[in-house]
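Number of protein chains: 2
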Amino acid sequence: MTQDMTLLWGSGSPPCWRVLIALEEKNLQGYNSVLLSFEKGEHKSQQVLDINPRGQLPTFKHGDRIVNESYGICSYLESQFKNQGNKLIPECGAEQARMYQRMYEGQTLAQKMADVIYYNWKVPEGERHDSAVKRNREALIAELKIWEEYLKKGPGPYLAGKDFTLADVTVYPSIAYLFRFGLCEKRHPKVAEYYNSLKSRPSIKATWPPTWLESPQGQDLLKDI
Amino acid sequence: MTQDMTLLWGSGSPPCWRVLIALEEKNLQGYNSVLLSFEKGEHKSQQVLDINPRGQLPTFKHGDRIVNESYGICSYLESQFKNQGNKLIPECGAEQARMYQRMYEGQTLAQKMADVIYYNWKVPEGERHDSAVKRNREALIAELKIWEEYLKKGPGPYLAGKDFTLADVTVYPSIAYLFRFGLCEKRHPKVAEYYNSLKSRPSIKATWPPTWLESPQGQDLLKDI
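Chains A and B, in that order, are what the protein sequence lines are. Residues in the first sequence are numbered from 8 upward in steps of one, following this note's numbering. Residues in the second sequence are numbered from 8 upward in steps of one, following this note's numbering.
Any given hint might turn out to be false.
As the list claims (entries may be wrong) - Selected chain B positions facing chain A (Cβ under 8 Å, derived; list incomplete): (1) Arg72; (2) Ser82; (3) Ala101; (4) Ala104; (5) Ile153.
Hints listed in this document are in silico derivations from the structure and should not be mistaken for laboratory results. Even glycine gets a Cβ: it sits at the ideal position worked out from N, Cα and C.
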């Protein structure tokens with residue numbers, strides 16, 4: 008069933024990691040996994056561009072169907088393999104509402120994280136401003152307060168409640184990325200608790216970014232956040 | 008069934024419009040519709056903040072379930088009211104794959120549009136650069152080329168194929184917004200064709216932004232795009 012699936016991905020990228028987790032959760036091991044290097048620019052290679060005109064990872068093919076957007080791939084897999092592996096959309100309406108809310112709020116978290124982490128990479132030198140850096144950092148701090156509050160109020164242990172859902176599949180990689188970049192566990196205790204509690208989940212453990220395993224020490228860009 | 012639904016929204020906002028369209032498509036008329044004014048800052052009022060800590064519109068409540076993210080609300084409504092009104096997720100796997108791809112690519116289109124239209128509003132005066140304005144405009148032009156190509160290749164008439172789906176619900180408001188801000192129909196013929204062909208669809212006609220009906224003349228910010 009998975010022989011006709013191909014995933015092109017890069018290590019450590021939250022969008023790629025989402026898809027790796029979803030494939031594990033749905034028991035879709037055995038797909039054609041192609042690990043590419045962002046550093047070597049392989050996401051702009053012809054192999055990727057043939058499937059994805061944006062030259063981005065993840066890039067995913069199922070037979071002749073192409074889905075490249077990480078949220079799209081996760082939703083597609085859940086829809087196509089509803090009764091296989093773990094159910095990632097809860098039956099309970101209240102939990103479902105919370106799942107959809109957290110899942111899409113996760114995009115705001117990812118954006119605010121990217122605004123801080125990728126600032127120098129995205130903004131040309133002559134256009135950089137300390138005031139923008141400060142504003143982006145403050146926005147990320149405010150965003151993290153919202154998530155800290157959500158996780159405090161619950162109901163946990165997962166983002167939408169008692170079940171591991173698409174909200175966790177999509178948001179967990181961003182949370183792990185924040186800590187990889189030095190986020191302080193003490194200053195964000197509930198977010199850290201959520202992060203640590205899911206490290207040993209089989210789908211997450213099995214897909215932990217290989218580059219992070221090779222060099223366990225991340226950067227400290229977010230240590231003061 | 009809809010007496011326990013409340014939608015707080017603002018006229019012209021693509022995220023709000025998505026939800027209005029989805030509610031129409033699912034035959035969920037009769038909900039408590041609260042039209043607020045962005046100009047008067049009503050999206051930051053206590054009425055909104057009580058439900059949505061981000062102080063943004065749309066803000067949506069179904070009983071005691073709260074979903075505020077537009078993509079989340081549309082997905083939630085489709086899931087909760089699967090067998091009511093129009094089915095917004097196609098049965099056909101190939102069409103479903105295309106739907107998920109276009110739906111989430113629509114977020115990139117919306118982002119690139121916002122980078123151009125809201126530049127002066129989002130970037131403080133001392134941080135503005137002509138080079139950034141130029142880059143944002145070029146990125147929007149490149150993005151629009153991708154959509155022009157998609158619509159040319161088909162299969163149409165809708166974004167995912169023969170059915171009107173969540174891809175149309177989520178992306179159409181951005182397309183309409185582009186033309187409202189002066190996008191040239193001649194330079195983007197397939198996008199314009201798609202835009203015009205859906206104007207008379209009941210769900211879209213019924214929810215056309217009231218402020219646009221009042222003053223049919225938009226701005227011309229995008230006339231050279």
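| query | Taking each numbered hint in turn, which are not upheld by the structure, reported in ascending numerical order? | reply | none
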